[in-house]
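*Asks:* The residues making up each chain are set out below.
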Amino acid sequence: MIKLLLLSDREILENFFMPRTVAVVGASNNPSKVGYSLLHNLLRSGYDGKIFPVNLKDEEVQGIKAYRTLKEIPEHVDLLVVSIPSPYVLDLMDEAHERGIKSVLIISAGFKEIGPEGAMLEQKLLAKIREYGMRVIGPNCLGLIDNFTPLNITFTKSNSKQGNLGFVSQSGALITGILDWSVKEDIGFSKFVSVGNKLDIDEVELIELMGEDQHTKVILLYLEAVNKGREFIEVCRRVVKKKPIIAIKSGTSKAGARAASSHTGAMAGANTAYTTAFEKAGVIRVDRIEDLFTIATTFSWQPLPRSNQLCIITNAGGPGIIATDHAEFNGLSLAPLSSTTINTLKQNLHPAAATHNPIDVLGTGGAKEYRISMELAMKDPNVGMILVILAPQEMTKPVEIAEVIIDISKRFPEKPVSVSFFGGKEMEKGLELLKRNYIPAFTFPEKGVLALAGLWRYQAILSRPEFYELPREFPSVRKEIVQNIFDSVVEQGRVTLLGSESIAVAQAYGIRVPQTETAFTTNEAVEIANRIGYPLVMKITSPQILHKTDINGVRIGIQDEKELTDAFAEMLRAARTHFPHAKVIGVDIQQLAKKGTELIIGVSKDPQFGHLAIIGTGGIYTNVFEDVQFGLVPITHTEATQMLEGTKVYSILQGARGGKKADIGSVIETLERVSRLVQDFPQMVDLDINPLFADETGVMAVDVKITISKEEHQKQKQEEST
Amino acid sequence: MKNLLIASCSERTGKTTFTMALLRKLRSKGIQAGYFKPISSSKDDRDAEVAKEFLDLPEDLSVLNPVTITEWDYDMKEDGIEQAMNRIKKSYDELKRVYDLLVIEGCRTINYLSFLKLSSREMAGMLDAKILLLVSGRTDAQLDDVLLGASYFNDAEVPLIGTIFSLVPPEILEREKAIAGRLTKTTDIKVLGLIPDKGVLAAPTVDEIVQMLNAKYLCCEEYKDRIVEDFQVGAMELESALKFFRRSVNKAVILGGDRPALALAAMETDTSVVILTGGIYPPSTVLARAQERKIPVVMVQWDTYTTVQYLATHQVRGLLTLDQQEKVKEWDKIMNEIQIEAMLESLAS
Chain D
1 MIKLLLLSDR EILENFFMPR TVAVVGASNN PSKVGYSLLH NLLRSGYDGK
51 IFPVNLKDEE VQGIKAYRTL KEIPEHVDLL VVSIPSPYVL DLMDEAHERG
101 IKSVLIISAG FKEIGPEGAM LEQKLLAKIR EYGMRVIGPN CLGLIDNFTP
151 LNITFTKSNS KQGNLGFVSQ SGALITGILD WSVKEDIGFS KFVSVGNKLD
201 IDEVELIELM GEDQHTKVIL LYLEAVNKGR EFIEVCRRVV KKKPIIAIKS
251 GTSKAGARAA SSHTGAMAGA NTAYTTAFEK AGVIRVDRIE DLFTIATTFS
301 WQPLPRSNQL CIITNAGGPG IIATDHAEFN GLSLAPLSST TINTLKQNLH
351 PAAATHNPID VLGTGGAKEY RISMELAMKD PNVGMILVIL APQEMTKPVE
401 IAEVIIDISK RFPEKPVSVS FFGGKEMEKG LELLKRNYIP AFTFPEKGVL
451 ALAGLWRYQA ILSRPEFYEL PREFPSVRKE IVQNIFDSVV EQGRVTLLGS
501 ESIAVAQAYG IRVPQTETAF TTNEAVEIAN RIGYPLVMKI TSPQILHKTD
551 INGVRIGIQD EKELTDAFAE MLRAARTHFP HAKVIGVDIQ QLAKKGTELI
601 IGVSKDPQFG HLAIIGTGGI YTNVFEDVQF GLVPITHTEA TQMLEGTKVY
651 SILQGARGGK KADIGSVIET LERVSRLVQD FPQMVDLDIN PLFADETGVM
701 AVDVKITISK EEHQKQKQEE ST
Chain Z
1 MKNLLIASCS ERTGKTTFTM ALLRKLRSKG IQAGYFKPIS SSKDDRDAEV
51 AKEFLDLPED LSVLNPVTIT EWDYDMKEDG IEQAMNRIKK SYDELKRVYD
101 LLVIEGCRTI NYLSFLKLSS REMAGMLDAK ILLLVSGRTD AQLDDVLLGA
151 SYFNDAEVPL IGTIFSLVPP EILEREKAIA GRLTKTTDIK VLGLIPDKGV
201 LAAPTVDEIV QMLNAKYLCC EEYKDRIVED FQVGAMELES ALKFFRRSVN
251 KAVILGGDRP ALALAAMETD TSVVILTGGI YPPSTVLARA QERKIPVVMV
301 QWDTYTTVQY LATHQVRGLL TLDQQEKVKE WDKIMNEIQI EAMLESLAS
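Chains as they are written, first to last, in my numbering: chain D, 1 to 722; chain Z, 1 to 349.
If you're looking for bench data, these hints aren't it; they were derived computationally from the structure. Note that the structure is a prediction, hence the values are computed from the model and not measured. Please note that a few of the clues may not be correct.
As the list claims (entries may be wrong) - Chain D regions said to be covered by chain Z (calculated; three or more residues, Cβ under 8 Å):
#	segment
1	665-673
2	704-715
Said to hold, decoys possible - One-sided excerpt, in silico: chain Z residues whose CB lies under 8 Å from chain D:
#	residue
3	Lys198
4	Lys243
5	Glu268
6	Ala342
Unchecked claim - In silico lysine-lysine, DSSO-like type, Cα no more than 30 Å apart, as pairs:
#	chain 1	residue 1	chain 2	residue 2
7	D	Lys648	D	Lys705
8	D	Lys648	Z	Lys243
9	Z	Lys77	D	Lys583
Glycine included, C-beta positions come from ideal geometry on N, C-alpha and C.
Start from the sequences, fold in the hints, and give me the full structure.
*Replies:* Listed below in structure tokens is the structure:
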């Protein structure tokens, strides 16, 4: 027993897939029960460890000696499988703890997916397993498969073939469908896990585990929501350096988000956050289940390309053009063939054949033409990948050509190949032969392109500089100033900062801001104005008033004291009229900044992935232009640069149509400083610098809005004090 | 035996809650201090009841608050007035025997019932009490209230020991302190303290709102003592919801029961209660998440507009009760800043 208590986290996790002993609580002789299928599948999966069915009534279950309780089992249990009604699960955990069991797979439903009672039960379960140091997959899941152990603890009907794809799914039904389909398509898996409600273990741990699993070459995910967003990104970034991760995130449409949220009880985050997070994590995202496997099988069969330069070899014009279009849609280019290639092709192909990319061997082209073309493309340094298209023409001999493709591919294993045998009955044998020889082969050319594009997307991820880069440090930032402002704001019972407070926060992080002070009386306004000097900007300030321009609460270019005092009275009167219940209303008196190109830099905290930053066209029409690029904090110098370069306003900053080139370096640095600011102060939930003026002399943040979370602020304070 | 009457120039300055907090402070200093509200203006007035519970007072409610006179009783006959005064005196005599210091809560404003000669001014004269004037400190114009109050009591030779600025926006607290200094300098009226306007000091609890709306708990009733500082209506696009909900803390969010996604977004932020309107039951995911986040979800039959209108016209009063630990703690902090010693000195002189 003592030895067992010393299991490492890794061993507890591995026990789910390679247990020496498995106990199935709820194992049944009744074929209509889940507990029947679980044991049945386990028995026929070829598992060679010990199995202990636990059943209150029967002495034997499916021919194996059964035990009434866990206590009666004579040996230590590595993995406990639970398939009993949810109200009994809690007590079972006590028994399991007494037996020193650490790995628990809970199939049972009836937890948070059914409502508040279930949610409460699930919370109690979580508290219990934490107390006992147990790890749980599920509840409300379909189970798991490891085809190398081998072991199948699911309640599906289908078998699963051994292969090198690892699959993690948040939907159980999707798994049953895919397993059944995979048998037909001859696709094999290393591990297959249904995570259910993700009470404890979720995709994050499983990706890490599969990342180190020698039998898994590609990791596939079906996700409805990611709960531990930051960890997800961190782990994926680590794992994708070793093997690709391909994911479907459902619930990306508005209606879909609703369906997903009512499905497993997870709050689906904004689609933008997911897109940005997958990008940052280096995860290849696809929209269709079929694409997931098209790309995945290509990964497991073909090498990675050195470039995105595609060479298309075809015997028909139409399919070649379609493939060309799709290459462009998917970020591939058509390789300019070298003169050697072109000249040799000219010498060997029919005079009417196209010797530029796409290479068209014509309908008369047979095995010989395909062989020459493919061999030349393989040898051509300009070509990174090859798509072979064959349409059924009179002379076409699909099997013969398939053999050529297989042969060349074997002789030149460093360049990836995919194939489209464009037809039906006539092509069947050729397609089969190709697939048997690990050449991704499809009926339609679009898919052939997609397969190669997937390889390139992964290669591009691996060669990203920002993947290996740390965010820049800014040693002169004044953390204590920001801390004091936040403390006083929270102490005053607020979460939104006044304009002058926000400006001070930005300034503390080295962001250029105009001098700003708040006045509550006319006299104070005059005093401040004399200190700052005219011309000035005046802005209404109140924690209750957020859109100042809507109530004429911003005056620009105040020239003298007369204008100042008149405007002061007018603005306060207007604000009082529009917001009679506003607790406090004053006026920010601000130095007038020289107008530059108007940008926006903002950050909003996503519940799953943390701070999501934007940069783009600012001013009052930000929402109209929607010219913004997104990135997840921490943002590196390269990422900040790429974000800015992705906006339309970037060309204006560069001096489009004879304008002066703005200080782009300062714009990028401002974004990096904002990233550092919210990293240092995670209690900041919303920050908007709009507008940020940019011109040739630098940038100026003329309006800053900040919202913090009281809960987070207090948490941060607590963490600091301990 | 010293008597202190807390009076106010306007309603809703937080008189009752301040009185409770003051008494708690005085008693913690070992002073035998009691509560007395001679007249209330409504049968529904629960002030004395709350005081009895909060301070654990042994007296009957009929002693703590012997008389009720509403706005519709101004045609009261002489003998009615006399009867009321007798009852007040009787209560007072009873309390006098027990306490060294009686804190008397004035009814509504300083001049309420002055036509019947039963306003705070007459009360103070009759009960030999000195006045502490509570004024709303929202704007600098409260200074006028102080002067008005001072001269009103001065006319009857009722001594004023000082004033307290209540409801001062925390953002201008320092400024208001300077103004208080100027007031004392020019008028000799002592400003004995400033109370910042923080939601937590006066906020009602979830349950107080639920009772008022006659709403039904769908889950998490065990968290009904959470305080509600603000109200937000969930009527926006899902995309901007988080940003909007984040700008408010300890809030009640009112939205249609057919907008579960918005309810989920609200629960990601600092929300005290979700009020679902239209009598539409939410999907179980909403209630499951509420359970995880410890946020009560309640349902009303009214539509959103009616609910909001009702809340706007029936302001809920947040009373100070012992089960609201956060509120009690905040008030204790505030009372430490009030010049209690100066107050006691003025009472003794």
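*Asks:* Could you run down the list of hints and mark each one as holding or not?
*Replies:* Cross-check of the supplied hints:
| no. | hint | result |
| --- | --- | --- |
| 1 | 665-673 | violated (count 0) |
| 2 | 704-715 | holds (count 4) |
| 3 | Lys198 | holds, 4 Å |
| 4 | Lys243 | holds, 6 Å |
| 5 | Glu268 | holds, 5 Å |
| 6 | Ala342 | violated, 25 Å |
| 7 | D:Lys648 x D:Lys705 | holds, 24 Å |
| 8 | D:Lys648 x Z:Lys243 | holds, 26 Å |
| 9 | Z:Lys77 x D:Lys583 | violated, 43 Å |
This entry does not satisfy hints 1, 6, 9, going by the numbered hints stated previously.
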